[in-house]
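Chemist: Below, each chain spelled out in residue letters.
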Amino acid sequence: NAGVTQTPKFQVLKTGQSMTLQCAQDMNHEYMSWYRQDPGMGLRLIHYSVGAGITDQGEVPNGYNVSRSTTEDFPLRLLSAAPSQTSVYFCASSRNLRLASTDTQYFGPGTRLTVL
Amino acid sequence: GDSVTQMEGPVTLSEEACLTINCTYTATGYPSLFWYVQYPGEGLQLLLKATKADDKGSNKGFEATYRKETTSFHLEKGSVQVSDSAVYFCALSDNGGATNKLIFGTGTLLAVQP
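The listed protein sequences correspond, in order, to chains Y and S.
Using my numbering, the first residue of the first sequence is number 1, and each one after it goes up by one.
Using my numbering, the first residue of the second sequence is number 1, and each one after it goes up by one.
Calculated directly from the structure, the hints in this document are not laboratory data.
A couple of the hints might just be wrong.
Unchecked claim - No farther apart than 25 angstroms at their CA atoms in a straight line, the calculated lysine to any residue pairs in the SDA-like style are these:
{"id": "1", "chain 1": "Y", "residue 1": "Lys9", "chain 2": "S", "residue 2": "Thr106"}
{"id": "2", "chain 1": "Y", "residue 1": "Lys9", "chain 2": "S", "residue 2": "Leu47"}
{"id": "3", "chain 1": "S", "residue 1": "Lys77", "chain 2": "Y", "residue 2": "Lys9"}
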């Protein structure tokens with residue numbers, strides 16, 4: 001049981017490049033989400049998914065796309081990277097929407113992205 | 001909207017000192033409250049949680065009590081260790097919402113010196 005895995009761990013992009021951050025979980029969790037962590041701002045929700053085929057926007061969705069074709073995977077796409085997207089990105093998952101308010105979210109180890 | 005406010009760090013303590021990290025929240029409903037911890041180079045881990053007023057969450061010697069009257073969820077530990085050095089995040093989850101969104105505070109860095 002690997003939990004939540006993220007790849008890559010580190011990435012450097014040039015402005016305008018595109019890339020996909022990968023996230024996978026092996027716990028059969030319904031709910032998955034992406035956060036970005038910036039100094040002095042805590043974690044902010046980018047996008048989330050309540051199940052395969054269903055996604056929605058969080059607090060800071062601009063510049064990011066997501067899809068959820070399987071329960072296990074939830075990739076985050078940057079179509080045209082900007083320096084403002086330099087951040088640490090965390091993927092998280094949790095089990096059961098009916099216990100949404102009390103359920104534990106499990107976080108991946110993060111991807112540190114630098115956009116030059 | 002809902003929000004979480006934490007005391008700014010860094011907090012620097014000597015080993016075996018007492019710890020309090022303040023957290024207050026603003027919410028329209030009746031949120032669940034969480035403390036997450038992030039050790040250097042790692043992702044966040046749930047430390048403890050409380051789902052209703054007057055509940056006390058506890059884990060690894062840390063405690064926090066859900067105080068509805070003061071809208072607070074302060075994290076406490078009686079005797080910190082060097083291994084407790086980490087960033088601590090207070091968070092809330094909206095009980096009335098249909099999704100499992102967490103709203104985080106800005107985090108408090110704790111550095112414990114031997």
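Chemist: Would you mind marking each hint as holding or not holding in the structure?
Modeler: Against the structure, the hints:
Restraint check for Lys9/Y and Thr106/S: satisfied, since their Cα atoms lie roughly 22 angstroms apart, inside the 25 angstroms limit. Restraint check: the Cα-Cα separation between Lys9/Y and Leu47/S comes to about 24 angstroms, which is no more than 25 angstroms; the hinted pair holds. Proximity of Lys77/S to Lys9/Y is assessed by CA-CA distance (about 32 angstroms); at most 25 angstroms being required, the pair is judged violated.
Violated hint for the displayed structure: number 3, the only one.
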